[in-house]
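In case you want the letters, here they are:
2 protein chains.
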Amino acid sequence: MTGEGEAGESLVRSRPGGLRELQGETQIERALRELRLVVAAGHSNSVTVVAFSPSWEMVASGSYDRTVKLWEVGTGRLLHSLAGHTGKVASVAFSPNGDLVASGSRDGTVKLWEAGTGRLLHSLEGHMNEVSSVAFNASGEMVASGSYDHTVKLWEAGTGRLLYSLEG
Amino acid sequence: MTGEGEAGESLVRSRPGGLRELQGETQIERALRELRLVVAAGHSNSVTVVAFSPSWEMVASGSYDRTVKLWEVGTGRLLHSLAGHTGKVASVAFSPNGDLVASGSRDGTVKLWEAGTGRLLHSLEGHMNEVSSVAFNASGEMVASGSYDHTVKLWEAGTGRLLYSLEG
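If you're matching them up, the sequences are chains P and U in order.
Take the numbering used here: the last position of the first sequence gets the number 578, and nothing is skipped along the way.
Take the numbering used here: the last position of the second sequence gets the number 578, and nothing is skipped along the way.
These are computed hints drawn from the structure, not numbers from a lab.
No copy labels: a pair is met if it fits in one copy or bridges any two.
In silico SDA-like cross-links for lysine to any residue, where the CA-CA straight-line distance does not exceed 25 Å:
hint, residue 1, residue 2
1, LYS498, SER549
2, LYS498, MET552
3, LYS498, HIS453
4, LYS498, ASN455
5, LYS498, VAL460
6, LYS498, PHE462
7, LYS498, TYR474
Hey, can you work out the whole structure from these sequences and the hints?
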């Protein structure tokens, strides 16, 4: 990185919303663009999905390279690379307190990971096709998953147990 | 805003991940902190939930003030204030293409909004208690909602029709 864009006051204008503009791009636009580049460069294939942690301190990215990667937003540092899926990662979500990450994959599994350590906690098996969306409930105790197999399944996060399956 | 933190090269260090640090706080940390302040200042009561659009160009915020607000990330500009809920907004989510916003509220409804115009498209009624989570499926055609009434409901986004309800 050169000093380009790091110039002084003359290039910095306040916008009505309060965020600063630097040479036609605001600081946050540039920072988020850089973060996207860092994330993309960290995967060996295309990134399919990204999600911010509730505190915006971490970003989780899923990729065709079959990994989920956890990044520190402030520095762009790779915290953990979560390996285990055997197909592209199609969906990721953080739990409300940011402790857990759920990922859904073309391999038909939902995997639950400990965000702080990158450890695989549970692999949730039952879907017959790609898991295209995952979401925690407000307490973080349950995970819902939607799949191209036309079911929505509800799982207990603590045990990985399947609670319900809805045919769509 | 004063010139504090806008200083020159001497205060700017590259970190391994590639994002720049300014006086102990990286640009993105500062920008996200400022964005949070802009969002908080725009609501008349506490913010309960925030979500980025898939492209990271918009942020949706929900609040005890019963509104959902849509913000331009790059400038912190308020785009739309979505009024209609009669209880605190507990959950918000963008559709995968960013065109729709779903919000869940203590008033028991899920509301679907057009992100570009702020127009209310559907108010989804059926939950008997706070709607604590909302999520779109990958195609954006369905919305799942979880509630303190111990049900998960699945809705058709285009029509607002209830497709399924799961007792938890």
